[in-house]
Amino acid sequence: VPNVYGMPSSLAERELSAVGLLADYRSRTGTGQQPGTVVHVKPDAGTVVSRGSTVVLFIAA
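Mapped onto the numbering used here, the consecutive letters of the sequence shown carry residue numbers 200 to 260.
Hints were generated in silico from the structure; no laboratory data involved.
No residue lacks a Cβ here, since even glycine has one placed at the ideal position from N, Cα and C.
Honestly, I wouldn't trust all of these hints.
Ranges of calculated distance between the beta carbons of each label pair, as one might list FRET restraints [to be verified]:
1) 251 <-> 229: 31 to 37 Å
2) 207 <-> 253: 15 to 21 Å
3) 255 <-> 229: 15 to 21 Å
Throw the hints in and build the complete structure from the sequences for me.
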């Protein structure tokens, strides 16, 4: 899983797609981060997963 923390959600999705992963989105409030940016990734960056796996991106609301 690439490190997409702090990226705009659209760029994060492209990064995941480039390595054969799918993105699923969840909204997270009260993060203090710029709305629309990735504030958490599950599984964590650096985790080895199979191509076609889904990575959950938590996006600042």
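Here is how each hint holds up against the structure:
1. One distance hint, 31 to 37 Å for the beta-carbon pair residue 251 and residue 229, holds here, with the actual separation near 33 Å.
2. Our hint of 15 to 21 Å for residue 207 and residue 253 holds, since their Cβ atoms are close to 19 Å apart.
3. Taking 15 to 21 Å as the suggested C-beta distance range, the pair residue 255 and residue 229 conforms, at roughly 18 Å.
Checked against the numbered hints given earlier, this structure breaks none of them.
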